[in-house]
Amino acid sequence: MSTIVIDHVSRWYRNVVAVNDVSMTIGPGVTGLLGPNGAGKSTLIAMMSGFLAPSTGTVTLDGEPLWRNEHVYRKLGLVPEREALFDYLTGRQFVVACAELHGLPDPGAAAQRALGVIEMTDAQDREIATYSKGMKQRVKMASALVHDPPVLLLDEPFNGMDPRQRIHLMELLRSMGAEGRTVLFSSHILEEVEQVARQIEVVVAGRHAASGDFGAIRRLMTDRPNRFVLRTADDRLMASVLLADASVRGARLRPEGGIELEASDFGRFSEVLPRLAREHGVRLHEVTPTDESLESVFSYLVSS
Amino acid sequence: MTSTTPTTPTRSPVISPTVVRLGVHGIFGRRRGILLFVLPMLLIGLAVLVRALVGQDNDATELTLYGLGLVVLVPLIALLATSGLLAPEIDDGSVSYLLAKPISRHTIVASKLVVAVACVLVFGAFPMLVAGLVMRTGEPLVAVGFAIGSLLGGATYCAVFALLSVMTRHAVVIGLIYVLVWEGLLGGLLDGIRWLSVTRWSTEVVDNVADLSLVDDLPLAYAVVAMLVVAGVATWRTGWRLRAFNLTGDE
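Chains A and B, in that order, are what the protein sequence lines are.
The opening position of the first sequence corresponds to residue 0 in numbering that gives the first Met the number 0, with each subsequent residue numbered one higher.
The opening position of the second sequence corresponds to residue 0 in numbering that gives the first Met the number 0, with each subsequent residue numbered one higher.
Bear in mind the hints are in silico, worked out from the structure with no lab data behind them.
Any given hint could be a false lead.
If you only want the chain B side, here are some residues facing chain A, beta carbon under 8 Å, derived [claimed, not checked]:
1. Ser15
2. His24
3. Lys100
4. Arg242
5. Leu246
What the simulated footprint calls covered on chain A by chain B, stretch by stretch (three residues with Cβ under 8 Å from a Cβ of chain B suffice, anywhere in the stretch; the number is not a length) [unchecked claim]:
6. 64 to 70
7. 100 to 112
8. 240 to 248
9. 276 to 282
Bear in mind that the values here come from a model prediction, so they are computed numbers and not experimental data.
Think of the CB as a built atom: it goes at the ideal place given N, C-alpha and C, for glycine as much as any other residue.
All chains should be modelled from the sequences, with the hints used to inform the complete structure.
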């Protein structure tokens, strides 16, 4: 059982902040790192895999620092996002080489086992240059699994996979999580994360926007009062119509135009709002959540 | 699969046979590997031509082996071999598969340099020996001197270019400029550069073995120690830089 602890970590490149004061603990089981492209997921995974130093804060694996510590790779397998591999090798040569570099006692057998797990034994003797995107992804998996690590980090592993490969990888990740391994994968697609991960960490614009299982993230959207600013073609009419609905707790016309609105049941509100607007023929110009911590999650989840 | 950490004993060999094997694959698996064969053929071809047209001539031999061999061929072979070993992997990120392993970064660098220096031996020093023997069959020491000088100078270049490869993405261009401008152009114009020129240092070795005087006023001990120090420091720094390798995604 291994745990990665990210403690008040920030990372900036010159004056661009990629990760902003993030703290999270990644324990056994499957964790999904969810966020839009450019949210800092890859930066976080790079720091969790010892390939990037945090600008401030610490990242540790079972108490050991990850930066400048090649010994952590005994416990850690990494599936990078970038596709480049040693194209001039066959799949098997590549995985055997990885096993040898780990100093495994029987590299050939370890490679066969890893290639078997990811179902690549048929194509193992072809050059990697001839592989499809999904096959490359699986060979990368095999190279990360060859030393049977307790921690597995995957950066956007589902990219480029066909549906069948996707389902297979999801099953694999689930079973590895069930074995007590610490598995973390990043994705920008909510449905992917939802299907595999018990724990979800949402990262938006470099910040840790939400954390919990999918239910918790959904509750974050629904259980607490949600504040919005609406700009409509007829604010007064829309405000009165909305106030009549049970999902809305309060509405106020802003002097500068627009409606300030507090919804108590987000799920119902998101369904009622467009319906009422249509029924009364009021055009909605803008719906903006004003609760900052929620705004990021919301705008992200809605856009995905 | 069980979720246990492999309990293999900590072994840290200085050279990893696996990295060496991957390195050889890497050099000859790419197109630029062909250049490694072409360049020495040019040298030997020229040597044959010189021998046929001029005969066994001292000046012509020195001009060919020094001007084309030591100044151009050896640094280029070292640059091709070394940059082919490190730069493409760093560029495309595949170096992460080597680095995400519990082996010393210095082992990785040393193993890669073994391949690069072997290339210098096969495609630099050996062709120099052949070219020398073709042009001065009667005086084999000239050929031997140039071969030894090529190996020492070439090995030093390899370490320098390895460091360049981990410091900048433009290692090949900067390496070429360095070889052509500093070692080639300025080295020929400014005499003082002999104190700071890998080619001059290796030439001093040639002078001593072959009893020539291509560079004046440079102690052999200084030249040899300078090459050893530069090669050693560059190798060590390369490993040190690789320990702090940043793998950033496409974000």
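Tested hints:
1. Hint status for Ser15/B relative to chain A: holds, with the closest Cβ pair at about 7 Å, below 8 Å.
2. Evaluation of the His24/B hint against chain A yields a held restraint, the C-beta minimum of about 5 Å falling below 8 Å.
3. The beta carbon of Lys100/B is positioned within 8 Å of a beta carbon in chain A (closest approach about 4 Å), and the interface hint is therefore held.
4. Nearest Cβ of chain A to the Cβ of Arg242/B: about 5 Å, under the 8 Å cut. The hint holds.
5. The beta carbon of Leu246/B is positioned within 8 Å of a beta carbon in chain A (closest approach about 4 Å), and the interface hint is therefore held.
6. Against chain B, the region 64 to 70 of chain A contributes 4 residues with a C-beta closer than 8 Å to a partner C-beta. That satisfies the three-residue criterion, and the hint holds.
7. Counting residues of the region 100 to 112 of chain A whose C-beta sits closer than 8 Å to any C-beta of chain B gives 6, which meets the bar of three, so the coverage hint holds.
8. With a threshold of 8 Å between beta carbons, the proposed coverage of the region 240 to 248 of chain A by chain B is violated, since 0 of its residues qualify and at least three are required.
9. Counting residues of the region 276 to 282 of chain A whose C-beta sits closer than 8 Å to any C-beta of chain B gives 0, which falls short of three, so the coverage hint is violated.
Figure legend: structure checked against the earlier numbered hints; hints not met, in rising order: 8, 9.
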